[in-house]
Every structure is written in C-alpha cells, then in structure tokens.
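Kindly generate the complete structure, drawing on both the sequences and the hints.
One letter stands for each residue in the lines below.
2 protein chains.
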Amino acid sequence: MRKGQVQIRDDFWSGYSELVRKTVIPYQWEALNDRVEGAEPSYAIRNFRIAAGLEEGEFGGMVFQDSDLAKWLEAVGYSLATHPDPELTKIADDAIELIGQAQREDGYLNTYFTVKEPGKRWTNLLDAHELYCAGHMIEAAVAYYNGTGKRKLLDIMCRFSDYIDSVFGTEPGKIRGYCGHQEIELALVKLYETTGEERYLKLSRYFIDERGSKPSYFTEEWERRGRTSHWVQGTVSAPNLEYNQSHLPVREQSVAVGHSVRAVYMYTAMADLARLTGDAGLREACERLWRNVTGKQMYITGGIGSTHHGEAFSFDYDLPNDTVYAETCASIGLIFWARRMLQLEAKSEYADVLERALYNNVLGSMSKDGKHFFYVNPLEVWPEASAKNPGKHHVKPVRQKWFGCSCCPPNVARLLSSLNDYIYTVSEDAKTVYAHLFIGSEAAFDLASGRVTLRQTSELPWNGRVEFRVSLPEGSVPFALALRVPNWFQSGKPALTVGGKAQDYRVENGYAIVERTWADGDTVEWLLPLETKLVAAHPLIRADAGKAAIQRGPLVYCVEEADNGAPVASLSLADEPKLAERFDAGLLGGCVVVEGDGQVDDASAWADSVPYRPLEKRTKPARFKAIPYYLWGNREPGEMSVWLRR
Amino acid sequence: MRKGQVQIRDDFWSGYSELVRKTVIPYQWEALNDRVEGAEPSYAIRNFRIAAGLEEGEFGGMVFQDSDLAKWLEAVGYSLATHPDPELTKIADDAIELIGQAQREDGYLNTYFTVKEPGKRWTNLLDAHELYCAGHMIEAAVAYYNGTGKRKLLDIMCRFSDYIDSVFGTEPGKIRGYCGHQEIELALVKLYETTGEERYLKLSRYFIDERGSKPSYFTEEWERRGRTSHWVQGTVSAPNLEYNQSHLPVREQSVAVGHSVRAVYMYTAMADLARLTGDAGLREACERLWRNVTGKQMYITGGIGSTHHGEAFSFDYDLPNDTVYAETCASIGLIFWARRMLQLEAKSEYADVLERALYNNVLGSMSKDGKHFFYVNPLEVWPEASAKNPGKHHVKPVRQKWFGCSCCPPNVARLLSSLNDYIYTVSEDAKTVYAHLFIGSEAAFDLASGRVTLRQTSELPWNGRVEFRVSLPEGSVPFALALRVPNWFQSGKPALTVGGKAQDYRVENGYAIVERTWADGDTVEWLLPLETKLVAAHPLIRADAGKAAIQRGPLVYCVEEADNGAPVASLSLADEPKLAERFDAGLLGGCVVVEGDGQVDDASAWADSVPYRPLEKRTKPARFKAIPYYLWGNREPGEMSVWLRR
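Protein sequence lines correspond, in order, to chains A and B. Each residue of the first sequence is one higher than the one before, counting from 1 in the working numbering. Each residue of the second sequence is one higher than the one before, counting from 1 in the working numbering.
FYI, nobody ran anything at the bench for these hints, they're computed from the structure. As the structure is a prediction and not an experimental result, all values here were calculated from the model. Check before you lean on any hint, since a few could be wrong.
The list cannot tell twin chains apart, which means a pair is met if one copy fits it or any two copies do.
Lysine-lysine pairs mimicking DSS-like chemistry, simulated, CA-CA at most 30 Å apart [stated by the list, open to error]:
hint, residue 1, residue 2
1, K620, K533
2, K190, K493
3, K533, K617
4, K493, K617
5, K388, K214
Next up, the structure:
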C-alpha cells in the first residue's frame, strides 16, 4: 500500500488528528522557538540558527535537541499529506531551509557537535545521540517528501546519509561502531524504501549486524575517551551493554532487556530488515522477542518498561502497577514494531497488541486539550505517594505541560498524525487487503486485479459495528478482504454480512478472509458486539494476584477517586459484580462507563492511629464506577487503579 | 533501677545474648582489625593507630568509622556487666588505651579530622558525623564504666565533652550548630546520669533546643562551605532540612519525617530531657510523634522507614511491603525511644511497640549464626525482583555478611547484650516494679521498702505462662508489681494467681497492678494463653488492603516459598482458614508453625506467554504453612510474604 492513500474519517479518531493538526503542531512550533510562556526554552531552532551562522550564542538543551525539530517536521509531513496547509508548509519549508544552512560541507548535520564540540564528532556514540538525531531527521525527510512531494530535506538527509555511510562500516579505515540509541536503523530503511538506494538498506543492516559483536565497541570507546561520560563529571564505570541492547548480537537475543524505547526501535528495524532481506535469523529473533515482550513484559494497557531506573524492562512477569514506567514513547515504539511484524506476516496478535497500546497507554498519555502529557503511564496512582515517596516521584498524577525538551509529546504527534497508515496492509501479491484496525476511513489500493476504494465506518470503541463499502471505479474486481478478529471478541465467530446477507468465511492467522469478486457498492458488515469482561493476569504476575481488570472491546477501564472515593484500594469486586454499561454523554466528552457491585472496607470503626487489629470482616456494599483508562486524570487529581481486588 | 541488676536466664533469649558474647563480639573485633577474610577492611582500629601516631598511613573507611569501635566497646561493656571475662577486658582496655592516645591535647577525638582533614574540625556538621561519633563513644564509655567500673574511657569522653561544651552553645564566640546525625543528645544524657555533671544535660538540651531554629545553621554552613558536600564532588543544592529533622524546632514537630534513625535517636533524647527537666512542651512533642510513628508509619513487624531514598519515613499510611526500608537500626532506635517513653510514663502501649520491634524486625535481622544481617527488613520478597528490578535492589533476600563498615550489626549487638535493661522499670517513688517484657531473668531492686529480688520464668514466645518468684532477703516488703497486659492478649483479663490462688487486680495504663505486702518465696503466675490471630491493617494502609497477617503472641508470621511454593502471591486465605499451630522442634532450631486452609491460583491452564485473559475463578484448595517472621530467610532463598490475601 502506498502512503497517503488512507484518510481517517471517524467520530472517535478524527478529533485526535484534528487536535494534533490544530493544536499540537502549532503549539510545538512555538515551543521549538522558545515562545511558550512559563516553559523552559527548547533552544532547538536557535541551535540551528547558531550552527547556520545566523546567530551568535551557545548550544542549548539536550545533546539530542535536534530530534525535537525532526519529530515536529515528521508530524507536519504526515499532516500535510492528508490536510494540505500552505501556511504550515511555508513555516516548515523555512525550517528546512535553515537545516540546510546548518549542514556542513561534507554533509554532516548536528548542531551540538557543530556549535559546542567541533572536532569531537563520533567520539561518543554511546551517549551523544548523533546517529539518533540523524535517524529522526531522515524520518522527517521521508515523511515530508511523501506528504508534500518536496525533496529539499530528503536531499539534505541523503547527503548526510551518504557521509555516514562513508564513515561507518566494516571496511578498513571506517569506524566500526553504532549508535547508543537505536533509531537510525529504522530510518535508513524508510530512506531506502523512499529512494530505492540499496546503500541505505545495507548501512542499516550493518548497524544491526555489528551491534553486540565482541569486543564491545562501547567499552573500547569508553576506554579511549578516558572512561568519561557525556552525562556526569569525572570517570564512570564501564557501559552497561544491556541498557542499549548491545550485550549480545541481535540474532542471539531472546529476552527484552534495557531501555525499552531503544529496544523497540531496534526490533522495528530488525523486522524491517527481516522482511526486506528475507533474513530468517533476524525474523526468528523478532518473533522470540515479540513473544517475550508481549507475553511476559507488557502491561494490560500496552505499556512496557517496568522500572524508571534506565526507563527499562526488568524481567519476566515483573509488572508492578505503582512503580511502573510504561513510557509513552515505548508504547509508540511497540506500535511501530507491531506494524512491521504485520508486514512480515499478517497475524492478528500483532494488531491486537498494536490496538491495545494505541487505545490505552498512548491515548491516555495525552490530555483532552492536547497540551499536557504523561511520560509515565501508571496503572495505579496515589497522588500523595507520588509527591512524598521518592520511589514514586516519576509517577505523576497529573499530565505535565509540554516543555521545551521532551520526547513523548512529539512522538504522540507523529503517531496520531500518521495513524491512517496503521489501519490496513496489502499482501505482497497485492491480492489481499488486511484490515487491522477498525477506524472510519477512506482508503484506495492498487491491487493486482485493479483499483479498489474502501470506505470503512466504525462505531468503535463504543459499539462493535463496522462497515466496509467497496467502490470499484473500474468495475468488478476479485480480491480478498481480511478482517481482523480481535482477541477481545470471544463469543465464537463474529457475524459477517455482504450486501446484508450472512456470509461464511474462513479464519487464517486471526483474520476472517472474504475472497470474492466484488462489485462496486458492495457493503460488508462486520459485527463485533462489545462485552464488558473481567480480565485476570497470569498467575506469575505477582502484582495482579487476586485482582481483575475491566475491559470492554479494546478499552481497558480504571476506577478513579472522583467516582469512587478514596482509598480506591478499599474497593473490591463482588463475586458476581453484575457489570452494567451506559454511555454518559456528559462525562469527559462522552464515554461508556461501566458500573458494578462491589464492597468497600468499612473504615468508620477504626481509630485513627490504630494501624493493626484482629481481623473483622467489615465491609459494606458499594456500587463502583469505572471509566476508560485513556480518560483517567482529566478531573481533579486523585487515586486511580486499573486492577481491582476480587 | 540500677544497671547490672538484671540477668537474663531464658530458654529463648539466653541463646541470643550468648551468641552476641561468644560470636558477634569476637567476630566484630576481627572485623575492626581488618582480619575477616573476604570482607572489606574496616580500618577502624588502624585509623586510631594512625591518629595516635603509632602507624603511618591514610584514613580509611567512612567519615563515621570511629563509631564502629564505639558500638563494639558499648556492647562489650554490657556483656562484661553480666559475664565478666578477663581476656575480653584486656582487649577492650588496650583499645581504650589506644583511643586515649588518639585524643588531642584539647580533648578533641575524631580520627577522620585528625588524620585526613586537620584544621577542618566543625566545618561540616551536616555531613561529617563528628558529634555523632562523639555520642557513640560517650555511650561506650558509660556502658564500659557501668559494666566494669573502669573510668579510663569515661574520663576521655568527659574531657571531650567538656571541650565540645566549650565550642558549642548560644554564648558569644561559640558555634551555634548541632550535628547532622542526632546521637550525641541521648549520649550526653547518659553521661549526665552516670557522672551527675549538669553541664552535660545542659549541652544535650542546647543541641535539642537549637535544632530547627531559623535561619538554618545547616543552610548557612553550606553557604560558608561554598555549597559543597562531603559526599559528592562539585556543588550541591541546599540541604534538605527534613532529612535530619531540623526543618522545625523540635517542639513544633508532629509528624515523623526524614531519615528514620536520625529521627528516633532524636526522639529518644527528647523523651530523656522531658523526663529529666519536666519540659511539658518536649513531652507533648514526644507523645505526638509517638502517635504518628507507631500509629501511622510503622509496619506490623515494628519496622519504620518506608523508603530507601534517604532511609526515610515517607508519609502517613504509606507502608509498601516490597519497596520498604524498615532498617534494623531504625527499629533499634524505636526500642530506645520506647524505653524512654516508659520511663516518662509506664503505659503498656510503649512496651507493646518495643516488644513488636524486638521480636520481629530486630530479631529477624540476624541470622542464626550471628554473622549475617539484614539492613532492610522487607515484608514481601521476590528474590528475582531484588536482583533485577533496581527499585528493589536494596531489598536483599539473603542476610549479608557483616562487612567492615556497617551500622546495623553492632547496633544489634549492643541492644541484645543490654536487653536485660529493657525488662523492668521502677517507678519514681520506688514503690512499683513494672514488668514490661516477659523474659526469664533474675533481677534485684532497691525499693523504698527494701531489697527485692524477682526471678521471672517465661515460656514466651511459644507459650504464655509467666511466673515471678519473689525473694526478700530482709523479710516481707510491701510494693506493687505491675505486669503488662500485652496488646496481643485479647481475651479479657489475663488470669493471675499468687501462691496458686486467683488474685484480682486493677489495670492501670495497661498494667495489672498487684499491690500487697509480699512474703519471701511468693510466686505469681501470669497466664497469657497465646492465640493465633488474623490481623488486618487500617484501611488507609493501601498496601495491605484485602489482606491479613498472622500473629501469635508477640510473633508476626510469614509464608515462605520453601513451605508453600512460588509465587506466594498465588496463595490466599480461606474464608475460615482453621488455623492450627504445632511446635516443630526440627524446624530452624524449633518453633511454633501455623498451618491453615487456603487456596492457590491454578496456573496449570495458562499458556506461558498469555499475560491476560478473561477471568475464570480457578483455584485449588491448599494448606499453607507459616513460620515466625524472625526466622525467615534461613533456608534456600525464596519468596516471602507477611501479608496474605483473603
């Protein structure tokens, strides 16, 4: 499927892409230009102006500050693809002009090393994010070219990539290193797919293949550097190679370790390369790592990363709800990876995870105004503990303002503005259209048998009625429509009608396959009635023992203090909680709330300062109310929990 | 009651004092002399030799290393009081000789500032523990004098205290500061009580009174020091005054904050001063803080300190079981404080807490061999999480070897070797003997009406039969015997007999008061039948919601993987668990185990990598086995939990 051929038209999602277009992108532009009152300056544009010689001054912000402008341009590229906007195009073109001016003669582009440490290029691949920034700018270049047809940034980044290719590799005289933060690997694949230039694919593969070889490049580089670090003064201990997944060659990795964003960005590139090069070892590594991450290290919300120490995975089944990390960027990276796995092989489990992360962890990270974000997405919050117990300081009960230097908000922007690209894939032989996500949209495909337009309408996430209307400008066309059977639908085979008549179908890899010669105007109805379910966690996930979560369709629910009082830990589910659901149009912009029977511990008979006393089973019945997780934290700050005692 | 008048003779406790005498004290002496193979050197003795000019070299160990020798000498003093030992006396006398040689002309004594930073005395009261080390050496001097009658160390420390008195105070020209780690305050009270010198009491009171006055001494000192710290290079931010409880004048403090050991050492001195000076404001502060600590910030094991960040209190009802700190030293400090509160007013609640901390948190910190210790005493352990989740690295599943530099092990040694001093107090008017702890012992009291000897026999913690035999060398004596009614006894009034005949009694402040003219040979039987109880936590303690702990008498129980398999979180209590108890002579040296009915989640039907699925209530009945908490971690490392789901 080519880019730009899907447009979202959806009651639920259109609001989000519009928010990104009308609020997030303009707001971030102000932030990049240090014009947001009360926010720390970003310095991003200023750094480029200094590097370009247009302004005097010192480098500001983080060593990877350039990537903020890159992510913004990438989001702009996606946005312009579906919503042309001359004014925004002008702003972006000017920024690209500036980037061109900041580029060095030899193609090198990085404002930190140009302004602050000239002559120190490539001396600290471990910490300095040079190739990472290059990767983000390549992604921006590809998105902007695809969205606008304009080549300027693409040319800049091809020049830079050519230069990088001349510096890195196994050939004599080249640096045999790779980046401390994976990102350029997946970006170079995009650049290859856009330009057709094989060298970019080869360079990406070099970075992936070289990673983890012994002796460690990072350890040797650290020795050469005099054992110093970009981040702290003085000498530091040898690099933790698990942190950036260079502890083993990637094909030998089976368990996700280290910084979770680095990990999923790398797995994304691995899956790309497995598909494009047919590398069985890479594919098997992807499949093993997928099973590990999504089977043993993922929260029910699609969050990954169990500890804020190193923003990292910890180990199998260790999924604490209160000291969680579950960084927004990590779930976004998981979505990137899931899409690549779907391209490798259309299996519904990949889309199930993609949808889980999207509707819960990622969507919940942004406030309804598009200006406040969670970086950490907890499943259990006690605001006083976040404030007063340092082990939970990273868990914020309130979304934070988008400050100058930030990774998650622009990542949300680029994902939501390209969400149209996540709905469908087309099989290699161009005979099957896979519908992974049920999001209202218009899509056009050039299939083996001709041009097909699909108009999808969906009532998700509130109702499970999905319709596809087939338009065939060139007349009847044979092709297979493959509709995902979501893992949250568990009442047998979903009903499917074509032209109002029940249609039988076979299920392959979790997709209902409807293979026929379609006529113009055919409609397919795909019925996935939503049921509210109690969900249990695997018994080895200690943190969820004796508890249940509520899920309805793709949405995970939570209970908040605003509806249920505090402490929410006092609440438990009745044996038969008789869950009832209703659409509350006035609540948080409208949502289906779930109510049920429970009981609360009766604290009335406890003296204030008697901490322990003989057990008396004193509970009183209580009706609880749960709201979709993605909407939590949009009222007064309070306690929240996804998992409820039963 | 004078010191040295109680000797423990108890089936349960004698083993511990013997362990301290025969193993802990000799082992620590080797450690102080850097002779423990495989352990980091302590440098403690070596530092004193260098300071005394007997050896060349550099200071080694922590800035407060002197306190290790002090705590050892204090334990030796207690041990010699009840078990004279010429060989040990010789060793200690030689060490004291060395200390004397290390003392400066003007009385100053601190090997760090003598050897490493001469001329920098008193320039970093915040970090450098100078007065803290002095305090520990004063405690040692008092204990050694009381235990042996030898004055040498007492004289050394009086000289140092006189010098400190000449340096600190509100008078012009004096430093108006106080120590970053409270300790000298309680030590000076002991010195006053031993020597009768009022200046020491006054100096202690000065340190307590001055603390928290504005502007902050520590903040000004930090400015004068150029905003540096002993602990890290470069400049640091302003001191966190809550950390060392100097955020407010002590009389205005109501909530325990900051480093928990510093806090309870300070509260101990405050209670001493309240008693000795009749200061109502101090007493009220002690009572407020006591209610806060023991009512809202104490674990069921008597542990305090909810976070390892700063080894600190967090806030009311925040008592996480798995990321807990509950440092051994903090519970020991709580015991010190409780004893002072009992001296202020004999109320059983103080002794209840003392007993809770002693039998659970403190006793559990030491291995049965006396050579391995927990610093952190968790209520829930998953060894893999301790190893792989950095937020739990401080929680060790195995007791650690006693390394050179350590605070908790010598603190355990000095507490256990002076435990005889915690059993009784005598009222101010010398007419009532309070029995706070039920520990077999022989005690002699000089009461208003004459000399009384009490021989206590106790079957605790396994059986609740306690007997007192009164010996009156001078014939009949009228006095009141006040026996604590423990808060774990909840079946009405315990039965009490005198000479085999039931005796009625009144209860005052939680003590059964038996007031009579006693005859030589009278025996009192005090029956506290032990019942195994399920205990619940206050509903505001979120971490324990829906759970129960098992307690029998003073002992809190726990379940271990060794008896119950893993994960222990899979286990829950039956509605009617039918708890049964039996003495298992072969288990961990003999203990009462508790068994009961529960159920475990059935993991057999779960695929390995399916983390979430619709709830099915699949449990199977299981019989669980709980052991006393203090014995946990003495078998193969495994999971442990005090709180069980119900």
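Now the hints, each set against the structure:
no. : hint           : result
1   : K620 with K533 : both (24 Å within a copy, 23 Å between copies)
2   : K190 with K493 : neither (37 Å within a copy, 81 Å between copies)
3   : K533 with K617 : both (27 Å within a copy, 13 Å between copies)
4   : K493 with K617 : between (44 Å within a copy, 25 Å between copies)
5   : K388 with K214 : between (44 Å within a copy, 24 Å between copies)
Hint compliance for this structure: hint 2 alone is broken.
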